[in-house]
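Given chain P, put chain E in place with the hints provided.
There are 2 protein chains.
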Amino acid sequence: MESHERQFDRELQDLKKKLLRMATLAEEMIDRAITELIERDEKLTEAVARAEDEVNRLQIEIDEEALRLLATRQPVASDLRFIVAATKINSDLERIGDLVVNITENVHVLAEQPPLKPLIDLPRMADLARQMVRESIDSFVKGDVLLAQTVIMTDDQMDALKDQVLRELLTYMMSDPHTIERALALILVARHLERIGDHATNIAEDVIYLIQGRDVRHPRTARDKPPGGPQP
Amino acid sequence: MESHERQFDRELQDLKKKLLRMATLAEEMIDRAITELIERDEKLTEAVARAEDEVNRLQIEIDEEALRLLATRQPVASDLRFIVAATKINSDLERIGDLVVNITENVHVLAEQPPLKPLIDLPRMADLARQMVRESIDSFVKGDVLLAQTVIMTDDQMDALKDQVLRELLTYMMSDPHTIERALALILVARHLERIGDHATNIAEDVIYLIQGRDVRHPRTARDKPPGGPQP
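If you read the sequences in order, they're chains P and E. So the first sequence is numbered by this note's numbering: it starts at 1 and just counts up by one. So the second sequence is numbered by this note's numbering: it starts at 1 and just counts up by one.
Don't take every hint at face value.
Identical copies carry no separate label here, and so any pair may be met within one copy or between two of them.
[What the hints assert, rightly or not] Restricting the straight-line Cα-Cα distance to at most 35 angstroms, the calculated cross-link-like pairs of lysine-lysine (DSBU-like) are:
| no. | residue 1 | residue 2 |
| --- | --- | --- |
| 1 | K16 | K43 |
| 2 | K17 | K43 |
| 3 | K43 | K18 |
| 4 | K142 | K18 |
| 5 | K43 | K117 |
| 6 | K16 | K142 |
Please keep in mind that the hints were generated in silico from the structure rather than gathered at the bench.
Here chain P stands alone, though its shape is the one from the complex (with noise of 0.2 angstroms):
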């Protein structure tokens, strides 16, 4: 009977350890991203597609495992939580990897054209973007709510970052029309960078319920309606 829990803690582990590695591949992809839009060199698109590859391969293996352990182990209370906040954050890793392929794809645009500006706060921003899938991805291996509250809380940032590049880019516009398609490039760039923080934030919002039993995804809603459910 213990080996049997013993075994299951193993693959709850294993589970955690893919979790982790598709964060780590995600974070990869978004450095070589913004590394390939600063150094306008495209060599790196390459690798981003190869990672994305992994990220995919390894979302599909995550559900498997996920459902395998729902059917073969049954389990309940934060187990069963665990493993269905599982599928959930495997979905948002899987969309970062996309929403990074994306990016490289405006990269691709913009290489092709001279600079624009010196790029400050994209960078920035996507060091944010990193910032917070680590985070947010380590707040639930960790069952940490301190660290997933802080995912939540640098969204703020990201959101305001967004606003400043969104209106900068807007004056280049309208002083130069030649700007145009460039400054359009860099826009979709920085919008993409902000989703990845959303799905960060969705990770950590999801890890925060996972833990309390509460939903804070939306808290106007939860607030007139606190939830049900299993206990936590």
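Frame of chain P, contents of chain E only:
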């Protein structure tokens, strides 16, 4: 024993009904946001916000109900896949609601300025988005793989339309810088509609995965390594 099973069947039907209700709300939200854009009538924003509250509430309810069913019914095979798929589809519908709210924010920017163009393609994109949401959920509820495949094919139409809208609006911006702010708001509306299509596509892919136990989410990866795990 039989009554136990019948009760479980009813619970699964209730889960389906809640997802259908969420999808209907999402469709109505898209409809209202685009009417608001066409008629430049901001009164509909309030209705969209109310619908989003209900979507958020349903998301919590469906998650809690799914967790309860997994814990108490310990389903296997197709029931298990159905419930896990419901928690994923749930997240897609909730994000569709968020995207519609984003659209109304851009509509707000547009309503303050003289109209830019007759908007011919954006209402078509909105129609496609609504159709994709409806058909993706119908394919889930009816277990209709062919319908799910239709949704995935419609997404190509959506992407083509979005590219066309983007090219057209870029031309506006370049020929008259006074149109830049409005054109950008319309580009963002087009992207939000495209992303709604992406979420419907995610749902359709989950449906095919659910029914066939075969992963179409990453065709290339899936071909490299067919997913193992539980039998369909």
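Hints violated by the structure (numbers, ascending): none
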